[in-house]
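Sequences are here, hints too, so could you generate the full structure?
Residue numbers (the numbering used here), protein chains in the order written: chain F, 16 to 439; chain C, 16 to 439.
None of these hints come from the bench; they were simulated from the model.
In this text the structure is predicted, and so the values were computed from the model without any measurement.
Do not take every clue at face value.
If chains are identical, the list can't say which one is meant, so a pair holds when it fits in one copy or spans any two.
[Said to hold, decoys possible] Listed below are the simulated DSSO-like cross-link pairs for lysine-lysine, each with C-alpha atoms no more than 27 Å apart in a straight line:
#1 K262 x K159
#2 K85 x K159
#3 K262 x K361
#4 K370 x K159
#5 K159 x K39
#6 K37 x K262
Here is how the chains run, residue by residue.
There are 2 protein chains.
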Amino acid sequence: MVGPHRVVIVGGGFAGLYCAQKLKRARAQITLIDRRNFHLFQPLLYQVASGALSPAEIASPLRVVLSAQKNARVWLGEVVDFDPGAREVILSDGARTGYDTLVVATGSRHHYFGRGEWESRAPGLKTIEDATEIRRRILLAFEKAEREPDPEERRALLTFVIVGGGPTGVELAGALGEIANDTLRNDFRLVRPPEANILLLEGSDRILSAFPPGLSVRAESDLIRLGVRTRTRAVVTELDAKGVTVKLGDRIERIHARTVLWAAGVQASPLGKLLAERTGAHLDRAGRVVVEPDLSIPGYPDIFAIGDLANFSHQLGQPLPGIAPVAMSQGRYVARLVRARLEGRKAPPYRYLDKGTLATIGRSRAVAVIAGLRFAGPLAWLVWLFVHLMYLVEFENRVLVLIRWAYNYFTRNRGARLITGPHD
Amino acid sequence: MVGPHRVVIVGGGFAGLYCAQKLKRARAQITLIDRRNFHLFQPLLYQVASGALSPAEIASPLRVVLSAQKNARVWLGEVVDFDPGAREVILSDGARTGYDTLVVATGSRHHYFGRGEWESRAPGLKTIEDATEIRRRILLAFEKAEREPDPEERRALLTFVIVGGGPTGVELAGALGEIANDTLRNDFRLVRPPEANILLLEGSDRILSAFPPGLSVRAESDLIRLGVRTRTRAVVTELDAKGVTVKLGDRIERIHARTVLWAAGVQASPLGKLLAERTGAHLDRAGRVVVEPDLSIPGYPDIFAIGDLANFSHQLGQPLPGIAPVAMSQGRYVARLVRARLEGRKAPPYRYLDKGTLATIGRSRAVAVIAGLRFAGPLAWLVWLFVHLMYLVEFENRVLVLIRWAYNYFTRNRGARLITGPHD
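Rendered as structure tokens:
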């Protein structure tokens with residue numbers, strides 16, 4: 016064989032980037048392909064949506080992160096097809112690049128359960144553009160209310176509905192509660208922001224269903240303190256420019272709300288389907304590729320699907336959750352596996368070591384399950400703070416985010432409160 | 016008369032915001048109307064365009080700035096007409112608001128000398144969206160070049176043309192020189208960023224024509240050190256998707272360039288024309304409203320035009336330049352005049368006290384004229400740094416910008432290098 020082993024990684028999220036970095040000392044030529052030029056720290060995206068942080072503070076250019084890693088190159092490009100026979104990936108401009116090992120880690124998008132037309136009405140939170148759009152809608156609603164003479168319309172402008180009570184929905188609702196109660200408290204002359212009506216709708220019987228029930232109760236009472244009301248077993252049946260229609264058990268309720276945010280469902284990236292078609296792999300209902308115990312595609316030991324794109328059920332009998340720690344761990348595992356193969360060694364099957372789960376609910380409040388211990392309140396919040404700071408990729412961003420947070424904490428301000436984008 | 020004196024200020028730039036703030040202790044009800052929810056520190060906008068700063072670091076929400084000023088309220092809205100007879104301004108949603116004193120400070124936009132179709136090809140730099148679009152184009156050009164097999168096309172991708180050799184053009188060219196020579200130096204595997212071709216085109220016989228000739232020469236040699244070539248007496252005659260055609264004296268030259276940036280001309284906001292139509296005031300060629308010695312509109316002592324929108328020629332026999340210090344000083348003057356009138360006093364006519372002019376050309380280099388003294392180099396750069404930090408409106412932004420600058424200085428990095436916006 017001529018030349019080093021060629022590893023092509025598609026997607027620069029947690030799974031793809033950690034895989035590339037962990038291959039630093041491998042005798043391999045790594046090509047990381049992403050549609051965007053940066054790695055996005057998605058767990059803090061809701062803080063961009065709420066004006067607490069700037070986009071650049073949670074995004075790191077992939078070139079900067081991999082600049083010193085001489086066996087890695089970064090390509091800005093969109094993969095549109097795979098050719099497992101020729102061992103090539105195909106880009107949107109027709110370019111092809113060959114691989115010896117292919118790692119597909121293109122993540123997930125939000126999902127509207129067959130109601131794609133809801134997307135423009137209720138944006139989800141996956142990209143920088145999503146976050147600035149949500150920020151725009153939240154701030155604009157208060158601005159419009161300040162000049163709205165009709166009390167009913169003002170009420171609808173000050174009603175915010177968040178659909179989905181998982182960690183993203185809870186964190187977004189908590190941030191909205193803080194915006195209304197603290198950040199904007201004194202900034203308006205007519206509107207009283209604390210009177211805003213913030214509703215968190217969850218389809219199942221409790222929010223944060225991945226946490227133990229006790230912590231769900233705690234999170235709900237923390238949200239109430241921030242003025243957020245939670246409705247469980249609430250299924251959205253209609254969503255239009257005037258508001259949402261919700262089925263609560265037998266009851267149908269209509270909520271007039273100008274701002275609806277979507278945190279309800281995710282679906283794997285469409286590249287998963289393409290990969291399945293090209294390799295005969297199975298997809299689950301969420302569009303994830305069902306993988307082998309070593310995260311490879313059945314019948315293709317050199318093709319891996321990892322992160323939110325993968326359905327790995329060999330450990331728990333059900334898929335691992337689509338969270339950052341799983342993605343990081345799978346990226347690192349595949350890198351170790353590739354190195355082992357290059358050195359003629361065997362690697363054990365993949366196993367996820369759950370170090371814990373965290374969710375924050377505004378200033379000084381969070382819930383956490385770490386090493387089986389359940390806790391809540393300021394200590395959980397400090398752990399949350401520390402963990403998120405430590406995993407930010409660039410040192411510069413850690414310093415900037417720390418300063419922003421300190422400012423936000425002491426002044427109850429949010430410095431990145433800009434309404435940008437297309438003129439309304 | 017019932018109620019306090021109503022001052023309506025249209026535009027929250029330097030002129031409008033400083034006017035509102037200086038009216039803090041006046042017995043007046045101030046309404047500041049702007050289409051955007053933030054004050055933008057335009058002198059540092061080129062640093063957003065070059066990825067050195069984040070938008071929120073140079074933008075301050077108007078509500079935050081005026082939050083504690085109880086006699087001021089902020090309206091997010093677009094003024095579309097004036098009714099001097101009824102003493103009202105009219106907003107795009109049909110709302111009207113009455114004034115006793117009207118201050119119009121809606122600034123300027125870039126101007127393409129009758130070639131409006133050039134705008135999409137060569138964006139100018141006036142808004143946050145302009146800056147992120149320019150940042151997108153600069154970074155995307157390097158990214159595309161990295162994957163471009165054709166050497167001629169790669170050359171065109173790595174050719175950057177900046178039209179206009181005033182302070183904005185010079186600062187943008189200097190920043191581009193630094194991006195190519197320092198920031199991106201080690202980030203690519205095929206492209207050699209220092210080989211980028213950066214051209215600064217100026218129509219007159221020297222760049223920075225508002226400065227003494229010696230400093231123009233100095234700035235030009237500083238730019239050469241950063242790899243920027245200057246062409247004076249260069250008039251753009253054509254501008255299309257492939258590049259620009261330039262008339263240099265008798266010679267016509269064609270430059271193949273994928274990225275062209277516009278810093279050549281500005282025109283006053285269209286509200287100037289509207290104001291002139293409603294009051295009979297004169298406009299100059301750049302669309303600015305010709306004002307009286309006290310900055311009021313002839314025949315309308317209670318209507319003022321200030322900042323980039325005004326042509327004030329009573330002091331120098333020619334209009335004052337459209338720069339931030341003039342706008343701030345005119346805003347403060349009108350506030351003092353209103354207060355004097357409310358207290359039954361007379362105010363002297365407006366006079367601009369020129370404290371100096373500054374322009375920076377990359378790391379450690381700048382030119383300055385302060386109190387008649389001309390200087391250049393690191394000292395001028397430190398003065399530039401200090402002045403710009405001090406005039407940033409929020410303390411939080413001062414701290415964040417200082418940290419960013421320190422990082423950028425020592426690491427030669429630019430942390431806000433994101434390609435965002437519509438998918439290419």
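Quiz item: Looking at the structure, which of the earlier hints fail to hold?
Solution: 1, 3, 4 and 6
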